[in-house]
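**Q** Single-letter residue listing:
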Amino acid sequence: MISDNNSAQPQSRSRSGAEKSLDQGFIWLTRILGIGVGVILLVIALTVGYRALPAIQQYGLGFLFGSSWNPVKEEYGALPMIYGTIVSSAIALLIAVPLGVGTAIFLSEDFLPLPVRTALVFLVELLAAIPSVVYGLWGIAVLIPIISTIGKFLNGNFGWLPIFSTPPVGPGMLPAGVILGIMTLPIITAISRDSLVSLPPELRQASLGLGATRWTTIFRVLVPAAFSGIVGGIMLGLGRAMGETMAATLLIGNSNQLSLSVLAPANTIASLMANQFAEASGLQVAALMYTGLILFILTLIVNILAEWIVSQVRAKYN
Amino acid sequence: MSNISSDDRNPYASNPGSLKKVKGSPQSLFNIAMTVLAGACLAISLLPLFAVLSYVTVQGFNRLNLDLFTKLPPPPGLSGGGIANAIVGTLMTVGIASLIAVPFGVLAAVYLSEFSKGQIARWVRFATNVLSGVPSIIAGVFAYGLFVVNMGGFSAIAGGAALAVLMLPTIVRTTDEALQIVPQDIRWASVGVGASNYQTVLQVVLPAAIPAILTGVTLAIARAAGETAPLIFTALNSPFWPAGFDKPTPSLSVLVYNFATVPFKAQKELAWAASLILVLMVLLTSILSRWATHKKVY
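So the sequences go chain by chain: A and B.
Just so we're aligned: the first sequence equals residues 534 to 851 in the working numbering.
Just so we're aligned: the second sequence equals residues 12 to 309 in the working numbering.
Just chain B, same shape as in the assembly:
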């Protein structure tokens, strides 16, 4: 840093041999000011998190009772009721999405980390990253164009397909990373005792990476359960119990969206309660996954 010695106001200039920090020097004051500024950035960034968490908890907490989990939403104007149908619907759509995305994603990641080399793997990883940037509403439009139009209506299956597209990149990426951490030695050991490729992967490598893979999968599931935009085009919504996998299906997130703007008090309360459930679910899975990643097999 040439300007340090050339600066006349610089206290180091009078005593070039000293490396001590001088209190009150321009540099020290600048450093303190910048540190405070950066700390303030962090504080402001975290403000919305605490604001959202506390507000949702306060608004949703008093509706958190047994009715919430067992009853249907009330008709407009009436009070009480619950969001049981939306909970079941969310489980259905997210369940379908997981059934598609988890095996697909894990096996694709196995290809990336175990069997691929060079250019193809690079392109697949690139495509995975780009896919994770595709807006969720586009995933919805895609599932609409492919499933809703061709299968004759809104359905939990179409919703699940849309959510699967959104879960896929997360699962591929976390599984890929988890498999790469597994030491090469155990693959050699497995092949050395005569195991074939699929035996090595399915019985040795994958089990070793399971905690990290599960973490990625649960995080992806939690995210998918909170997605709204793709479900508006695919699973739509319904005020009743889900009638089947090929019928319009309610979900917690779409319920929040629909009830957010209605003028009825009971519906507003249910929207807050559903938000609280969604937020608690995300919080819980995030904390659990944090805890799970600390466990290592090797």
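Bound conformation, chain A alone:
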């Protein structure tokens, strides 16, 4: 650190006052901006909370359990959206976790030559870079027809199960969940792979030296050692899935009715906001801000837990 060096150094040439204050000013500027990053988080919470205040006063915590969303009667309840957010994220994780962890294992061990692996890691990263609205547009054109076909089969043969009880109408919980799965996959892969790669090579060598096969090493030594990192990656993926807006809005059908069937249209908090905000006024804006506050708190909890878990792994092996 430069500041340490400076203070320890004998001052052979004393600086002018202006020079000194310029230097101190620069350090203070960076300090303020550095702490400013944390302050922004706080300001976001305060702004959203302040704008949500009228709705919080009007509906209280009952807002979380009300299931009617009717701007005309000024009745607002967020239960269908909270349910939709949780279920669509769960579907996303169901798809992304096995695929992501499998891909991470395949790309962290030496199954493939290094240049090929580097290229594939890059391609997985690219998956995260495609704008979500493009995923949404693609989902409408390609994914919904495919999933409708599968949905018809599921409804025809397993219609007695509540989750397949309605015939597919096109957009719905399942296509939204699938697209969220595709979008969370790269982050789960990247973080799981990071935690596998950062394990000390001695672990691997010791296990192989004892005569364990490659996959025994992976299952009994590497995955348990990197487990908390992988869990952290999954939580970050969950945070991403809950907050993802555009793809979900375009594919979920935006129905504020609570339905158990994954083939029926539903809604998430984020897609509700994207849909109604532009036309909302008065108490509806406050109600939307209230849902935004709920989403912010949910993702904040998930993200903070994830960050903490991931940092624990780094601390363990550094």
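Worth flagging that the hints you see were computed from the coordinates, not collected in a lab.
Remember, predicted model here, so these are calculated numbers, not experimental data.
You may find that some hints are simply not true.
Unchecked claim - Footprint (simulated), chain B over chain A, 3 or more residues, beta carbon under 8 Å:
no., segment
1, 626 to 633
2, 671 to 685
3, 791 to 801
For glycine and all other residues, C-beta sits at the position ideal for the given N, C-alpha and C.
Could you slot chain B onto chain A? The hints should help.
**A** For chain B alone, coordinates are given in the frame of chain A:
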């Protein structure tokens, strides 16, 4: 692995001295099966990437002409037209976002890697990571509550502020990492010849880290240009040329969102063309940044 020797079906058991792989043994078959399974995970993961890229290219390619970059979108029902206003609008909002986020982020990272120590730096890094997990729509709501409500309307400035919040963590993180890679010796050398802190940072350390910082910044810009959710609340949209930084402003991503669900053929085509432009931009910056990170100053 104690179970290896205790397993009766294990071929090693008959010849404990041999470390050779036995073809057809349960372990070998299990290994092959697992390798195939993991490889299949990778293949399935990459399937959507190729599906999206090829589909967007096929759908968007035939609308990729000069009109696209020079004309306004046609009124509903008419054909032709372009997305020029949205391109200009995207440049405006992303430009404002970069003007805010790049100096802010780079200087915050300078603090983290050069001047901070201990707890505060840990907390700031933690806050940066948490901020990168904040949903983009919340950034939009924040900018709405802070700018749109107080400044009397939707504007490119509010949109830029929302995008800046989303760019900030990426820039802080990449710059922080880039600065930490710069060898300590050159700081000592700089301070040793009598340079002050800001001279050392601005003239020696930052220039050494510039390729990596630029990589982070371009990636952040590419991501911001593809963001839609925060712009719906802040810059809104407009079918006309942008009228000023304090007026509703169109953007490529919001145009894709709005035209994705309309029943008109011309609008649908424009949505695909705009998607293709967004995807090409992300692809190009990703590849360029890959190439740029290989260059090192020290």
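**Q** Of the hints given before, which are not true for this structure?
**A** Hint check: 3 fails alone, others pass.
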